[in-house]
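Colleague: Below, each chain spelled out in residue letters.
There are 2 protein chains.
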Amino acid sequence: MKKIQLQPNTFLYPMPLVIVGTMADDRPNFITIAYCGIVQHTPPMISIASSKVHFSNKWIKRNRSFSVNIPSSDMIELTDYIGMYSGRETDKSEICELFCGDIPSAPMIKQSPLSLQCKLMESIEVGGVNEIFIGEILKVYANEDCITNGLPDITKLQPILFSMHDNNYWGVGKHLGKAWNIGKNFNPNTKKDGQ
Amino acid sequence: MKKIQLQPNTFLYPMPLVIVGTMADDRPNFITIAYCGIVQHTPPMISIASSKVHFSNKWIKRNRSFSVNIPSSDMIELTDYIGMYSGRETDKSEICELFCGDIPSAPMIKQSPLSLQCKLMESIEVGGVNEIFIGEILKVYANEDCITNGLPDITKLQPILFSMHDNNYWGVGKHLGKAWNIGKNFNPNTKKDGQ
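Same order as they appear, the protein sequences are chains C and U. All residue numbers for the first sequence refer to my numbering, where the first residue is 671 and numbers rise by one. All residue numbers for the second sequence refer to my numbering, where the first residue is 671 and numbers rise by one.
Extracted from the complex, chain C is given alone in its bound form (with noise of 0.2 Å):
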C-alpha cells in the first residue's frame, strides 16, 4: 500500500464525545468537547481541552470544578446542539433535566447515562488556542440499567464517537475481541509485510 502524507492536524479515531458541565455564576452551563482523553487510572484523572476564547473556560477555572457527561446515541441531536451555541449568547441551563450531585458547581445531564463530577487539579497551555484542563474523577453517577456486573457496559451506554475534519458521528460497532487475551493469538515470527 502506497504512503502517502497529510498535511499535520489533528487526526486521532475515533474521538470519544463528551458534554462539560460548569456553572457560568448561577446557571448551568454546557460544552461539547472531543478534544478528551483519560490521563490516569491512580487517581482516576481525566483531561478536556478547550479554545480560551470559550466561554466555559473561565468557569472552569474559577469554580475548579467540571462534569463529564457521556452522551448516549439518542442524545445526538441535544449533544450537537450544546456544540453549536455559546453560553455567552444562549442559555443551556432549561434545555435538559439537571442534577448536582455531591459537587453543585459540576452539574450533570439526567439523560446522560454516565456521568463524572472532576476537580481541576491543573491548568495547563503548550503554546496555542487551547487550555488543558486536568480534573481527578471524584464522583460518578450512572443510569442504573447500563450496568452490568457493576461496571458500565458500552452496548447499554450507546456512546457516540466522532470523527474530526469530516463532522460525522458515529455509534459503537461489533465486538472485537478481548483484551489482554487476543493478543496471545499473535504470532511474533509472522512478520506481516504491511500491506
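FYI, nobody ran anything at the bench for these hints, they're computed from the structure. Misleading hints may appear alongside valid ones.
Copies of one chain are not kept apart here, so a pair can be met inside one copy or by any two copies together.
Claimed, not checked - Straight-line alpha carbon distances no greater than 25 Å define the calculated DSS-like cross-link-like pairs of lysine-lysine that follow: (1) 826 to 848; (2) 844 to 809; (3) 789 to 722; (4) 722 to 826.
With chain C's structure known, arrange chain U on it following the hints.
Modeller: Leaving out everything else, chain U in the frame of chain C:
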C-alpha cells in the same frame, strides 16, 4: 431511571486505542495506549499518558519524540500483543514491518493505516503513577486507500475502540449524523425529563 453512584474510576467510553512508537537506543519499541486524546487544533497536539514504570517513558523523554499509530481492526491481535509484553523483556522491533518517515526516533508501523510523528512538547506529572506526554503532530502518513476527499476516512481506517474495566475491543458502528448540523433538529423548549 435510577441513578447509582460508582467508585471513581477511569470511565470514559469509548477510549481510542493507539500504538505508540519510540526508539529504545537503536531498537524500535512500541506500547499500546488507550489513555490518549487530542488537546489542541492549532498547532495540532495530542496527549498520551503512560505509567512511569513503563519501558517507553524513558525513551520518549530522551528522544523527545514518539509516533502514534492508529491500528485497524485487522491488527487487533498485534495491537493486543504489543500491550501484553514490556519492551524491557520483549523485542518488538521485528514483529511487523516498520517505516521511519522524517523523524527516525519515532518509528511507525507500516500496516497501520494512519500514523502521526510527534515532537514532545511537555512531560507532565499530576500526582500519581502516570506521566502525560503532550506532542505536537508534525508529520502524518496515511495509506492512500484510507483517504476520502483528502482526509482520513474512519470507515476505511476501521479503528479499534476500547472499553476499559471489562477489557473489550469494539469496531466503529453505524453513522449517526453530521456534526454542527443534526443539532438543528433539537428543540430547546421541549425539555426531556432524562428518563
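Colleague: For each hint, tell me whether it holds in the structure or not.
Modeller: A quick look at each hint next to the structure:
no.	hint	result
1	826 to 848	both (18 Å within a copy, 22 Å between copies)
2	844 to 809	neither (30 Å within a copy, 31 Å between copies)
3	789 to 722	both (19 Å within a copy, 23 Å between copies)
4	722 to 826	neither (34 Å within a copy, 34 Å between copies)
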